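**Student:** What follows is each chain in one-letter form.
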Amino acid sequence: MPSTTTLPVHEAATIAMDTVVKIQVVTDQDEAKVRYALQRALTWFATVEQACSRFDPNSELRQLLARPGEPVKVSPVLFEAVRFAVHLARATDGVFDPTVGLRLEQHGFNRHYITGQVLTSPDVDTSAAFRDVRFGPRRTITLRRPVVLDLGAVAKGLAIDLASCELLAFENFCVEAGGDLYAAGCNADGQPWRIGVQDPRDLDALAATLDISNRAVCTSGDYERKSRDGTGHHLLDPRTGQSAQGLASVTVVAPTVMAADGLATAAFILGLEDGVRFLQQSDVDGVFITSSGAMHRT
Amino acid sequence: MAKKMPGRLVALSASAVAAIYLAGLVSTQPAADSVTVASAGATTAVVATSTPLVVAAVAATATPVVAPTGVPTTAATPPPAATATATTSTAASPSTYANGTFSGSGTSRFGNVNVSVSVSNGKIANAQITSVTTKYPASRIASLPGQVVQNQTANVNLVTGATSSSQAFKQAVQQALAQAQALAASSTAAAG
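If you read the sequences in order, they're chains G and W. The first sequence begins at 1 in our numbering and counts up by one. The second sequence begins at 1 in our numbering and counts up by one.
A couple of the hints might just be wrong.
Stated by the list, open to error - Far from chain W by the CB rule (all over 10 Å, computed), these chain G residues: (1) L7; (2) Q29; (3) F170; (4) L272.
Claimed, not checked - Derived, one-sided and incomplete: chain W residues facing chain G with beta-carbon distance under 8 Å: (5) G7; (6) V10; (7) S13; (8) A14; (9) A16; (10) V17; (11) A19; (12) A23; (13) A127; (14) V132; (15) T134; (16) N157; (17) L158; (18) G161; (19) A162; (20) F169.
Stated by the list, open to error - Derived contacts from chain W toward chain G, CB cut-off under 7 Å, selection only: (21) L12; (22) V156; (23) V159.
No lab work stands behind these hints: they were computed from the structure. Everything numeric in this text was worked out from a predicted model, so none of it was measured. A virtual CB, placed ideally from N, CA and C, is assigned to each residue, including glycine.
So here's chain W without its partners, still in its complex pose (with noise of 0.2 Å):
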């Protein structure tokens, strides 16, 4: 196996990188030197404290994300007369969500993650990180083979394979939708 050449495959994805990156500069670039003059003013949703805490919204619906001027965006506009073929169904009910922004928090080994949800006309418009934290555990190394890593607890910056942070989004998500759950259920009730 592996006989054709599994050398070039780092090669190749630094030049596909690089063949993206500079299709995106060349298209954008003169909407991104006007934005450069324009940064000093307030551009984009950016949280300015101390420590800013840059967040961007991811949109969960059929609206494709609208990226801020001057940011590279570097896909094709797809053809309009395509249409996909695959089914989608829905899992929860839409119209079971209240509409308005709610937030929820989630937890897990390595810090925690708030998120905002807003639902509008019943669905979900957008989900977006308003803090994050973390805290990963001074290193207890495993019984290893002596050479390879000395032991040691210094503290990690950052852990490879961790999904946990994954899992804390999700909760938090779960737990926004639920207030949006409850909310539509009571003024249902009320309604009855």
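Bound-form chain G, shown alone (with noise of 0.2 Å):
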């Protein structure tokens, strides 16, 4: 796949999710039709993030937690992200949980990044946990209970892998959103793709290097999103409802960027020794960084 020879680059970026989208595809195919690609690409974000948002009132995931009890027909888009985000909990037996969505609410993380709307949710049940989503046949998802789901682990990625496929006749492209990504093929220079991991505690600094080539890559990490009182970070801990502790980030590469950023999310809340082997089992790549600045590789 490398070439000798130097390829236009075509560009293309959007708001959307608390961050900037930036679309990247090398190729000397017809400029109208990779045009086209992009702004298809770039319409997934807005298609998943309407489907997802946990502070757009109006979103269809809060329209789906507005009818605990019954069973609720929804769009693919916000079912499988539901589902994932399930069986990543299932995984972890609750330590990555999708219901935290309350708890990130009470810890501030309530705001519409464009608006600045805010939004709560009075009437959940604080003892509801993962195991109240249930699925049923013709996509439809029943929640037992009142709860509030957070989908922010799972969605991001999941538009940046739909705006992939809408990409892959180009063969060299790369989507990025807020630090998280897909790399396809190679660069302008026709080399891997080479991803810089930010170093959590220098914030100038790069704290490794990776090359890939049709991978995701994914990073979860305490200097993200500080809660607004200035003491935790969005990754919460379901067993104590705090912050998680130990680690500063983790770096998941992966097959799919819905996987690598939900396996990040899960490995970086159970900490270093549970969170390697978990990816191990996974059968994933990591790079873990510790609170005190090691470095560990899967």
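Make the complex out of the two chains shown on their own, each in a separate frame, by following the hints.
**Tutor:** Now the structure itself:
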């Protein structure tokens, strides 16, 4: 696949999911074709956000949360996002749990990133867990108790994966959103994409580099989103109700961004020892950086 | 822990992506075909320069994003009877924004983001990127266990875990909204 000629680079960007989305396509194919594919790719971010946002009172997710106790038919996007999040919860015995949404709201992660609108959910059951989310035939979801689902660890990755599907015809491209990415083929120099891993304690520096082709890379870190009181971050441990401790960041390399994102989040909450074992069992590669700055690779 | 076959997770994620993508293709293929034919003309808001930056707006209001014709919209329309129990409040009073389109820029250690924010009826209607530049530093590899990564200074293409572009975009939006607020305040003062 590496080539000696330099191909044109086409770029696209948008704002979605509280972050900046950037796409690069490296190809000498017809420009109109590239731009059409880029537009389709960007649209997936709006589609997934509209389905999965916890911050938008009109999202499909919020409509689902408003109807506990009955089977609700949902879109393929919401169905698959919730199903993957619940599978991840089962695989970690609830250490990762998408029903952590209420606690996130209580920690101040409840503000829409553009409108500033604050959402609060007064009527949820604080003892509810992922086991209260049931899947039925014909894409129905039943919430056995009122819950607040947070799909933050899943939805952005899913959107990148779907955007990438639109670009497969070009072979060489990358889709990045807020530090999570999929890189296919080669960069403009005909080499594998060179990915820097953010140093979690010195944001001007990189802790490592990875050469990536046809793989997703995601990082969960304690420096990403601080709670409003400044004492915690957004990766809550359901066992304690507090921010997970011990690790500064976990980077996962996997075939899909949804898997990489979810597994990185779960491994971060699990901590170093269990997190390494979990990634090995999941057959993906990881880079762990501890709070003291030590680095471990699986 | 983790005794419930985590190895299946990667396969599950791949089949989930495929299921959604195929559902989108099936439901939008006829429309997509018609747009492909028409795409030589003007289809969407694409900036035509030598290195075209395709921009897409994000809807920030109650109005769902309207997808351009032929793009994969797989979301089923939620039942109209559904009402959200979540309550909302707005941090800044919407009436403090003047109507119009305002631009702002934000900078971060890895680049700049310029945005355009439009305000309609005192509310933020949408925000979109007008340009974005990215510049990553040459990697300064900290001390690593010898074999894993060679010391090198090559530039990286992307950085995982870098969230500074998000902060730059928020800064840009705030700058744009500050103009909308200032304009609203001055017109209020003039009226008073």
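**Student:** With reference to the structure, classify each hint as holding or not holding.
**Tutor:** Against the structure, the hints:
{"no.": "1", "hint": "L7", "result": "holds (13 Å)"}
{"no.": "2", "hint": "Q29", "result": "holds (13 Å)"}
{"no.": "3", "hint": "F170", "result": "holds (14 Å)"}
{"no.": "4", "hint": "L272", "result": "holds (14 Å)"}
{"no.": "5", "hint": "G7", "result": "holds (6 Å)"}
{"no.": "6", "hint": "V10", "result": "holds (5 Å)"}
{"no.": "7", "hint": "S13", "result": "holds (4 Å)"}
{"no.": "8", "hint": "A14", "result": "holds (5 Å)"}
{"no.": "9", "hint": "A16", "result": "holds (4 Å)"}
{"no.": "10", "hint": "V17", "result": "holds (4 Å)"}
{"no.": "11", "hint": "A19", "result": "holds (6 Å)"}
{"no.": "12", "hint": "A23", "result": "holds (4 Å)"}
{"no.": "13", "hint": "A127", "result": "holds (5 Å)"}
{"no.": "14", "hint": "V132", "result": "holds (5 Å)"}
{"no.": "15", "hint": "T134", "result": "holds (7 Å)"}
{"no.": "16", "hint": "N157", "result": "holds (5 Å)"}
{"no.": "17", "hint": "L158", "result": "holds (5 Å)"}
{"no.": "18", "hint": "G161", "result": "holds (3 Å)"}
{"no.": "19", "hint": "A162", "result": "holds (5 Å)"}
{"no.": "20", "hint": "F169", "result": "holds (5 Å)"}
{"no.": "21", "hint": "L12", "result": "holds (6 Å)"}
{"no.": "22", "hint": "V156", "result": "holds (4 Å)"}
{"no.": "23", "hint": "V159", "result": "holds (4 Å)"}
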